[in-house]
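Protein chains: 2
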Amino acid sequence: MGSIAMTKSRVLSVGCGGIGTMAAYTLEAGGLAEVTAVLRSNYSIVCKSGFTIDAIELGKGIKGWKPTQVLENVPNVAEEKIPPFDFIVVATKNVPDVSPTVLDIITPAITPGETTVVLLQNGLNIEKPIAERFPENVVLSGVTLMGATETAKGVVRQDDTDTSKIGPFPGLKVSASRAEAAGRRFVDIYNGCGKVDCTYDDNVLYTRWRKLVYNSSFNSVAAVLGMDVIRMRMTQHVIDELVKPIMLEIKTVAKAAGAELQDGVEDFFIMVDPPDGWFMPSMGQDAVKGNYVEMETIVGEPVREARRLGVPTPKLEAVYSLLKGQQMMTKEAKGAWKPHFAKGNPYAA
Amino acid sequence: MGSIAMTKSRVLSVGCGGIGTMAAYTLEAGGLAEVTAVLRSNYSIVCKSGFTIDAIELGKGIKGWKPTQVLENVPNVAEEKIPPFDFIVVATKNVPDVSPTVLDIITPAITPGETTVVLLQNGLNIEKPIAERFPENVVLSGVTLMGATETAKGVVRQDDTDTSKIGPFPGLKVSASRAEAAGRRFVDIYNGCGKVDCTYDDNVLYTRWRKLVYNSSFNSVAAVLGMDVIRMRMTQHVIDELVKPIMLEIKTVAKAAGAELQDGVEDFFIMVDPPDGWFMPSMGQDAVKGNYVEMETIVGEPVREARRLGVPTPKLEAVYSLLKGQQMMTKEAKGAWKPHFAKGNPYAA
Numbered sequence: 001m002g003s004i005a006m007t008k009s010r011v012l013s014v015g016c017g018g019i020g021t022m023a024a025y026t027l028e029a030g031g032l033a034e035v036t037a038v039l040r041s042n043y044s045i046v047c048k049s050g051f052t053i054d055a056i057e058l059g060k061g062i063k064g065w066k067p068t069q070v071l072e073n074v075p076n077v078a079e080e081k082i083p084p085f086d087f088i089v090v091a092t093k094n095v096p097d098v099s100p101t102v103l104d105i106i107t108p109a110i111t112p113g114e115t116t117v118v119l120l121q122n123g124l125n126i127e128k129p130i131a132e133r134f135p136e137n138v139v140l141s142g143v144t145l146m147g148a149t150e151t152a153k154g155v156v157r158q159d160d161t162d163t164s165k166i167g168p169f170p171g172l173k174v175s176a177s178r179a180e181a182a183g184r185r186f187v188d189i190y191n192g193c194g195k196v197d198c199t200y201d202d203n204v205l206y207t208r209w210r211k212l213v214y215n216s217s218f219n220s221v222a223a224v225l226g227m228d229v230i231r232m233r234m235t236q237h238v239i240d241e242l243v244k245p246i247m248l249e250i251k252t253v254a255k256a257a258g259a260e261l262q263d264g265v266e267d268f269f270i271m272v273d274p275p276d277g278w279f280m281p282s283m284g285q286d287a288v289k290g291n292y293v294e295m296e297t298i299v300g301e302p303v304r305e306a307r308r309l310g311v312p313t314p315k316l317e318a319v320y321s322l323l324k325g326q327q328m329m330t331k332e333a334k335g336a337w338k339p340h341f342a343k344g345n346p347y348a349a
Numbered sequence: 001m002g003s004i005a006m007t008k009s010r011v012l013s014v015g016c017g018g019i020g021t022m023a024a025y026t027l028e029a030g031g032l033a034e035v036t037a038v039l040r041s042n043y044s045i046v047c048k049s050g051f052t053i054d055a056i057e058l059g060k061g062i063k064g065w066k067p068t069q070v071l072e073n074v075p076n077v078a079e080e081k082i083p084p085f086d087f088i089v090v091a092t093k094n095v096p097d098v099s100p101t102v103l104d105i106i107t108p109a110i111t112p113g114e115t116t117v118v119l120l121q122n123g124l125n126i127e128k129p130i131a132e133r134f135p136e137n138v139v140l141s142g143v144t145l146m147g148a149t150e151t152a153k154g155v156v157r158q159d160d161t162d163t164s165k166i167g168p169f170p171g172l173k174v175s176a177s178r179a180e181a182a183g184r185r186f187v188d189i190y191n192g193c194g195k196v197d198c199t200y201d202d203n204v205l206y207t208r209w210r211k212l213v214y215n216s217s218f219n220s221v222a223a224v225l226g227m228d229v230i231r232m233r234m235t236q237h238v239i240d241e242l243v244k245p246i247m248l249e250i251k252t253v254a255k256a257a258g259a260e261l262q263d264g265v266e267d268f269f270i271m272v273d274p275p276d277g278w279f280m281p282s283m284g285q286d287a288v289k290g291n292y293v294e295m296e297t298i299v300g301e302p303v304r305e306a307r308r309l310g311v312p313t314p315k316l317e318a319v320y321s322l323l324k325g326q327q328m329m330t331k332e333a334k335g336a337w338k339p340h341f342a343k344g345n346p347y348a349a
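If you're matching them up, the sequences are chains A and B in order.
Each step along the first sequence adds one to the number in the UniProt record's numbering, with nothing skipped, and position 200 is 200.
Each step along the second sequence adds one to the number in the UniProt record's numbering, with nothing skipped, and position 202 is 202.
Rather than coming from a laboratory, the hints here were simulated on the basis of the structure.
Hints may contain errors.
One copy or any two copies: either way a pair holds, since identical chains are not told apart in the list.
Unchecked claim - Dumping the calculated DSSO-like pairs for lysine-lysine here, alpha-carbon to alpha-carbon at most 27 Å:
hint: 1; residue 1: 153; residue 2: 289
hint: 2; residue 1: 244; residue 2: 343
hint: 3; residue 1: 128; residue 2: 63
hint: 4; residue 1: 338; residue 2: 289
hint: 5; residue 1: 244; residue 2: 338
hint: 6; residue 1: 244; residue 2: 331
hint: 7; residue 1: 153; residue 2: 93
hint: 8; residue 1: 289; residue 2: 324
hint: 9; residue 1: 255; residue 2: 66
hint: 10; residue 1: 331; residue 2: 255
hint: 11; residue 1: 343; residue 2: 48
hint: 12; residue 1: 289; residue 2: 331
hint: 13; residue 1: 60; residue 2: 244
hint: 14; residue 1: 63; residue 2: 244
hint: 15; residue 1: 334; residue 2: 289
hint: 16; residue 1: 244; residue 2: 195
hint: 17; residue 1: 244; residue 2: 324
Bound conformation, chain A alone (with noise of 0.2 Å):
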């Protein structure tokens, strides 16, 4: 590390598709932090030609850029005796009910104590597993509106401006103080661009129970019917009965949980694409993929957060279970679940 490097945050970034690179690229082009990225499925083309970049705030255009580093894997800090990550951003899919989870991926990079994790993913109680394993660590959420997509392979084109909120989650073992430093920081060097609109979040669960009015509802429905938000629109039935119902019971949901959102959010985020954007939001994505959905941390935690609670949420239950039962056949497509009757089943004879 030379001097310059030493007034800068070290951050890993792992995760980069569309949001995980548009977050390492605004953090470097701040001067402020240098970014070590775990890559995947685009490492050897960004090894090779780095990343091409279309951004709004930040420019068309971009061609070749690579983080100061870029891995294959996620480095053990302790095994490979590699200085602490000031900052772990996670841009990764959230499914845990798949292995490897968060948590399994990230821990070997994580500094006891010291590296502030930062999770730029939807859902709820996506911190806990993390907050619960690592106590004296504080756990950021991101919350994006930007929509970034990683249209190849290394390519990356930023859909809408970047405004994001980051803050600590509540209920986390550490000091207040020393959490909101963290986040506080975390804003400085993200916005240290000049460019983009990051702002500090003293009210996450606020911010995410609003995010899920969103994503709960029109995510969900997306991935069982593989179909995208204006058809949804234009079919009228798809919302009237379940993409406006499922929104409400999430506000019912969240006002239980000390979150009370405004009135006319539901009709706000229907109409919040563009009519002309044929968007299919990212569960909806994957479904028609056949990869998984993260619809444990978007759909089964609101609805243990309403059984906890006791709020009916018979729309979403019906969803999730649903859900449930698709992400099973994309187990067993993908070879993680072979059917069998179990031990103890009764549905077995």
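Chain A is fixed; fit chain B onto it per the hints.
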């Protein structure tokens, strides 16, 4: 018509897939009916080489069988001045949300006040459009527990023994005695071969609700998920959270509608398919093939009955809404729906 034909009932058979072909063959084998069969996709092959049938009661390896008469289209009895049909046996899919409907298809072959219509189809309220258009005609319900599959064009394999129940739909405008006489006559000619088990059904409402316990649950979940019955049982949760709750919802609606089903009928139907069968319900088969599914008669009508009777059916409602979305996409794929923001659509802007 020769002298023998004078004593035989004239039967028009519409829909000669697995069930329809088995019924046509059984009717002619009994010697009390002469069957005119309307064939669609298998018309040319049957004209050339007849049906190939592997039956359970009536014999394996039947080759080259042709009904008395084979037509490519439903005849117009008035215009073509042909003698009235005593019975029209309808074994097509029943998809009232897609044109042409069953009523559209069979209307030209019905002689008002004379022809009895026998609907060998699943679902609720399927007789209503026919009884409304032809109030002076008997409409019979045929519920069969036979499985039969057209494995290739003109090739039919019977999977289960043929136990059928035939009786007049309730609520017809014709006299009860005339309806019963028509029903008993059909049972007689169907049993003519002496080898199948067709009984007169004096409680059609009960019989149809009972079969809906299986169809509204397994069929609809199979269609939404593309998952077969045995896999559902292997996951357990698809049964516990979807299939069984829907069965119980149907039982509750049935009771409110006057059909009290026996205790444990849900457990019977959950286990009715043998565990080595990998059985895909017909709606699941249709969905996987991209065909229209019988969701209005099997799911929509029970939902509407439930609403009329004030019975909550949250799981069935959710699955119904999803099936409607799925059917829209099938319509789009077949060119029968073009996604556009219709006038008055509140989600257009």
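Requested in this report: Hints the structure violates: just list their numbers, smallest first.
Outcome: 3, 9, 10, 11, 13, 14, 16
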